[in-house]
Amino acid sequence: MPDYAWPDAEHRTFIGKRVTRVDAPVKVSGQAKYTYDVHPPGLLYGKVLRCPYAHAKVVSIDTSVAEKIPGVKAVHIVQGQGSNIHWAGDEIVAVAAVDEPTAEDAIRAIKVKFQQLPHLVSDAEPPKGSAQEQGPLSMDNIGDMLDNQVPTRQMVSNIQQYGVTEKPSEDVLKELKDDGAPDPVLEALRSATVHPEAGNRPPTNYQKAATQTVGDPDKAFSEAEVVSEGLYGVPVITHCCLESHGSISEWTDQDHVFTHISTQNVSGIAGQMAEPLKIPATNIHVHQDNIGGGFGSKFSPDRWGIFTAEISKKSDGKPVRYMLERDAELKVAGARPSAYARVKVAAQKDGTLTAWQSNSWGTGGPGGGGMPPIPYVFSIPNQRQEHTAIRNNIGPARAWRAPNHPQAAVLTMCALDDLAAKLKMDPVEFFGKNLNLTKARENSYRDELAIASELMGWKEKWHPRPEKIDGIVRGVGMSFHTWGGRGHASDCDLTIHPDGSVELKMGTQDLGTGTRTCILIVAADTLGIPMEAIQLLIGDTNYPPSGGSGGSTTIGGVSSSARRAAVDARDALFAKVAPSLNAQPEQLECRKGQVSVKGDSSRTLSWKEACSKLGAMPLTVRGKNPDRSKPPDLTNSGVGGVQMAEVEVDPETGIVKVKKMVAVQDCGLVVDLKTAESQCYGALIMGISYSLYEEKVMDPTTGRMLNADMEFYRLAGLSDIPELIVHMMTGKGYDERGVIGLGEPPVISPGAAISNAVANAIGVRVPFLPLTPDRVLTAMEQKRGA
Amino acid sequence: MHDDTDDPLEAQKDSSDNSGLSRRDFLKISSISVAVPFVAGPKMVRAAGEEVPVHGPGKAPMEFSINGKSYKAELEPRVTLLDALRDEFEITGAKRVCDRAECGACTILMDNKPVYACSVLAIEGQHKAITTVESLMQDGKLHPVQQAFVENDASQCGFCTPGFVVSCKAFLDAHPHPTSEDIRRGLSGNLCRCGTYAGIRQAIALLAQKGA
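Just so you know, the protein sequences line up as chains A and B, in that order. Residue 111 in the numbering used here is what sits at position 111 of the first sequence, and the numbering runs on without skipping anything. Adding 1000 to a residue's 1-based position in the second sequence gives its number in the numbering used here.
Calculated from the structure, these hints are not laboratory results. Be a bit skeptical, because a hint or two may be false.
Claimed, not checked - Below, a list of computed lysine-lysine pairs in the BS3-like style, where the Cα atoms sit at most 27 Å apart:
id	chain 1	residue 1	chain 2	residue 2
1	B	Lys-1113	A	Lys-674
2	A	Lys-33	B	Lys-1141
3	A	Lys-174	A	Lys-278
4	B	Lys-1059	A	Lys-68
5	A	Lys-278	A	Lys-177
6	B	Lys-1059	A	Lys-674
7	B	Lys-1113	A	Lys-33
The following block holds chain B by itself, in its conformation from the complex (with noise of 0.2 Å):
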């Protein structure tokens, strides 16, 4: 592979209407020393010999497709996309519980890809395919993952459960014929506390049976 700058980052750093930091910018912004004003909207900076966009303090208008749908809403840039959706648009399915990346809880897909989206800031989420357990469901019918879940006893108090449902799918649609030691070692990005995973790990070696 040829780059045409021996950063690769340079390659990708966003313009100021694709908001969002790359490393490279954040680098740039911490060495500031001037106060930024509060203001919504990006605010030009010239740091290290560039122009690079800031946003916040203070809140910015963002702009999300979730479930095939738009949303807007005026955030402040350090707010999660997990807190977003709960708190902005109260799309809940996906959970807060560790906060830091551990558990899955909050997995969602961004641009078909399982992410955390306790780790991801929500300014991160614009102008990507955000896809949560709710639109899993399609004419009131339950997803051939969450229709195993059902049958196979796999929740219990059910709080992990929406982001093992997503964890799931994308692991089924990228896995479609899993041995069972690809299910475990798939899997373990999430946890449960009641202890179902014996049915999620049935629920799954179905469905992988099946060739979901």
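Just chain A, same shape as in the assembly (with noise of 0.2 Å):
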């Protein structure tokens, strides 16, 4: 058996390494491609016209004089006359023009009356007893359920306590296992009860959730030496991708179809457009060279990745373009679902946790949404959760790196904190004390804590909590989070040439997370030879299928395949190359470029010689993740870290700055150091954007988005970014667990640690982020008049 294990620390030539990026010269010279820069001959513009009310019906559309435009090539109803539209911006009509402006004019020229309907936007906490209990569960309730990665305590739960609308046959349940499902959700609903009158019940805007309760939280909190009670909570923020969702779709014949999209998901793409486009999948040609950001919005063709296609298809299969505008790009193509939670916690006090209660809500647009996984990291061993889905009109939710994790950090880290400050506890001492509830997790947290601290210089920079504030104060504050990040399912082929060239292929996308890079990497180190020696080829339906890049699963899939890919590559050249070396194959090893019997130099081929025994055709080989029959496992799942935040808050101004966070983050075997700390700056950079500035806001009168712009949708700007560390945690007990994934854990924890650092400078909690001027100085005069 070919042994696929990753080589340890002295065999590796560039696993682990700091490898510069092998797609940065194309970036930074402006010869990077991404959807939105291909530009096919007869290129047609595509326009979009955007319902103005969150809630309404179409009464009629008329579409008679911009069909007349000249230049105008198709008119396209997306939701005609009947339709019930659920989020301003949502889409009606679509057409397809021989330039922008022409385009743009015949969206003017579009007449749609509309019926307004009344709508909710808020996500504010419910009224008393206006929510309704959560009924049977429809499939698409438990699809919603699993987008959200509601814990599946929590969903096994529900499905006992609600049913279902309609018994679900193996083949939903097939699909729903394909989307995540865990096992224990999949026996709880072939064993539901069947309640099918209850699908017409009509939704109401407020769903409670089944209550949550582990141990005895009533006795914990009545025999509690100290509690705290706190609110705190997290909006609806905005995916924000630099380059917009969008596709450009063309008819290269009757029935075939060839898309650049903005994706995630590659290889995923062509069968969500099969069916609404009535083509095979095999007839759907995807390809994406770059993408300009995605964050977990763009796993989708979506409904304007079909009419772009129907609009090429009327305009006689001509390219059809479209991309969304900036301002539809923020009102519908990605939010990240709000949580609010009025939470209690309880401990000894020598600061041992003992009880939890929250209360939480949150939207996630028409879908509602579940509760995040509370208490997050610690599990405090007596438990009640009470959760209320709002399902509102504010536009659909979308996952957001690391769903619900963010939100589950501030819910609980910043309850913890406000604990920890009333026992008069240093919050390292307090959740140091506490890490035997985080189980597996204790030692390494316990490491990280440790040099976390040491990186921030904690014990120098934490103070109690001030009673009264002078000038300008600082403070400092902490967050622990935790991710699966196990690699998925990837495939891929890699051919040697007779010639010594070598190529991979494989289905897979680089988010700019540096998949490319580390696809090399491993491909390179394995085979002995320079990582430029590789043609790599990614990015296209004819590739070999490779999994979305979601939930931080990309890295260990594709590291894995291309790991058995090249040691069964190099095995079956050994193969080849060993008489001519009279030796056997397995005294082989390739280094440097060179084939050559271990231990005896004078035994040796260059890389091309040896790839010249081949004879006259090449040697593919099928890499494969998962593959058990190749052990053993080489990605895996459940990775830690610790952050820290110092801030300064002006009590005048009530403006907060981030003078300095710090990242320490596992996640077992590292690629590639130097892009994986490219990760984690990038994450703590988004972290204290959402944390000072980000809010999806929304008009109670209109229903609209009011800030759905760059400059009132603020992102953090070079000027914001205070002194980052980033520690990796690497070498023994992380390196043989296998590579896996980073992109979500360290944006989890910077709202937190954010958070708790301006509780620890002014004194008092400001309870919902973002952190803005107001926030802080209301909190502050509560604090006064309290």
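Assemble the dimeric complex from its two separately framed chains, guided by the hints.
As structure tokens, then:
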């Protein structure tokens, strides 16, 4: 059996080193092509008429004038007369024209009459008694819960308590399994009570989920020595990808479509377009070289991806481009669900955590959404959670890096930090004391906490919360996080040609995370040749399928399939070369561009000479992940990290400035230390951005987003970035775990760490992110009044 | 400073062969009530007692100098310089992101000055030396700013990167020895979503030390 295991530290050339991103030169020179840059001959330009109302019915559509405008090639009704519209900005009519100004003119010439309906865009605490018990669950509800990463235990108890509206067929169950439904959920669905009549029940705005209970929270609270209560929350924010969503589609003949699309999911797009376009997935060719940001919002072709292909068909198959305008991008193409909670936590005087109770609510738009996994990281022995999902008209939610975890971190770590303050304990001591509640991760958290404290200079910087403040004040705060990150399914083909050239094809995508670089690191390390000697081809449905880049699953998937392919290709090459070196294949090794007999440098061939022994035909092997026939498992699940923030607050203005952040993170075997660190730096920066600035602000009167542009939907800029320190946990205890994803974990903790630092600085909790001056001043004012 | 007229814009009034509109011309035209015929090329219209050139509606012939090469196109006067670069000439390094001068992803140089190409009309970009990120590389060799971006891992998805590179080049040309405060302030006109500022800041600080 070939040895697929990751090489140990002494036998690595590139793995785990600081390797420069291979696609950086094309990106810095403007040569990298993104979907938005693709410009096939005869390109037509799409534009969309969007609904201005948050809730409305389409009464009539008149496109007659638009159709007659010279240069307009197609007018396509997306949601026609009688359609119910559930959020402002939803698509009504799409057009294609010879240039963009003409397409804009056509949109302006379309007359649509709407009947406005009552809307709700608030996600404020549900009015008392307004929440309706969750009824029997439809399969859509189950899908929403999976999308929102509702914890398994919570899903199972909801299914058991409320039943389902229809008995799921085995096909449906298989689909759910493919979507990631764990076995206990599938089991619960199989044995659930069926209430078919409930399927017709109109959905209400406030839906109460089943209460979760662990242990005996009432007893624990009544016996508690110290109890802290507080209100915490995170609003809806948007993804704001710099390259907006969109695609270019053309019909290359009657029943074949070629699509360039900005996607995190190259291999999965054709399957989603096939049914609506009524052609087999095999007839849909999808391509993407580079993507300008996704962050969880680009897995589907979306309605606009489908109608772009449809208006191409109506335009004699000519290529049509539709990329969302910035306001549309912010309104409809991605929002992270909000989460708020009233939390009560209890501990003994020595800081030992005993009980948790939370009453949480939040919105994921029309789908409602699930409860974040609270209490987060710390499994407090006695717990009760009640959650109300708000269905409203703010637009659909999408997965946003580490779905539900940043919210869970704020709701949990801020509540625990307030408890530590009440106990007059240093949070390092308080969290340290309760690390046994993190179970399997206890030891690595303990190491990470020590390193983070050292790098932050926590001992010197931490002080008890001040009673009174005077002048500009500083404070420090911390948070813990966790994530899975097991590698997804990934196939690749590696070919060695008789002339020594090597190519690797994989239907994956590089989101800017360093995927290309890491695949090449693994293949080059295994084959003992330079990274430049391998031609890597990704981003196309002509290559073997590889999973969508979500949930930090890419690096584990692509590195594992690339490793297996490279080991098999290397060993197949050895078998061909061995006779000419007068050796057995297993005696050979390849290093530094040479194939030689181990321990005998006199018997050596250059890589090129060795490959010439292949004869006339190239050698191609398929690498797969997972592949139980080729052990060991090269990826793993479960990482952790500790982050600390230091802030400065001006009590006169309420302005918060982050002065320093520290991220200590583990993710198993690091493939490229340089791009891994960049991932953490980027996550800290994105975290500063959502902690201080980001919020999708909805106007309750019109139901529209008030800040659908980049002036008032603020992102952190270079001047907001403080000293940042990133420390990756590597070596013994980490490397042997295999490769685990890193995209989500470091973006989880900044909100909680920064909020805790502000509380430490000003002596009072600012309940909700973002920590804007008005919120800071209000919190201080309320403290003074109290 | 002494002006011949009470309005400094008067002195810069565009002639008919230097297309583009001054603010004053625009104010005059906006009060014209006669229908403007569908013609290419400027039409002289009498407004507020003066002859002023009017372009559009409809396409007007335009000429550009981009990265040292001349380009011609017929474009509507409402087309931005960014869209002309990207859709007409397929020079796609500058990116369209916010489309209203908020993010800097479309930063180019116009007569060596950094501008947001989304907020310049193509018609105003004529007869000016336009430099885009594509021309910074010389003989297959990256510009020092680009090289520093590569080495300091200052790009992730890369969509903001071309605009940032151009901004950084212009910034360092004007401030060869910036302080860290200068860098914070001077590079605040570009936004990144992946969070590459740490790498960018390091790249620029290293270049500043070298006095690039």
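The hints, checked one at a time:
no. : hint                     : in the structure
1   : Lys-1113(B) / Lys-674(A) : violated, 34 Å
2   : Lys-33(A) / Lys-1141(B)  : holds, 19 Å
3   : Lys-174(A) / Lys-278(A)  : holds, 23 Å
4   : Lys-1059(B) / Lys-68(A)  : holds, 19 Å
5   : Lys-278(A) / Lys-177(A)  : holds, 25 Å
6   : Lys-1059(B) / Lys-674(A) : violated, 50 Å
7   : Lys-1113(B) / Lys-33(A)  : holds, 26 Å
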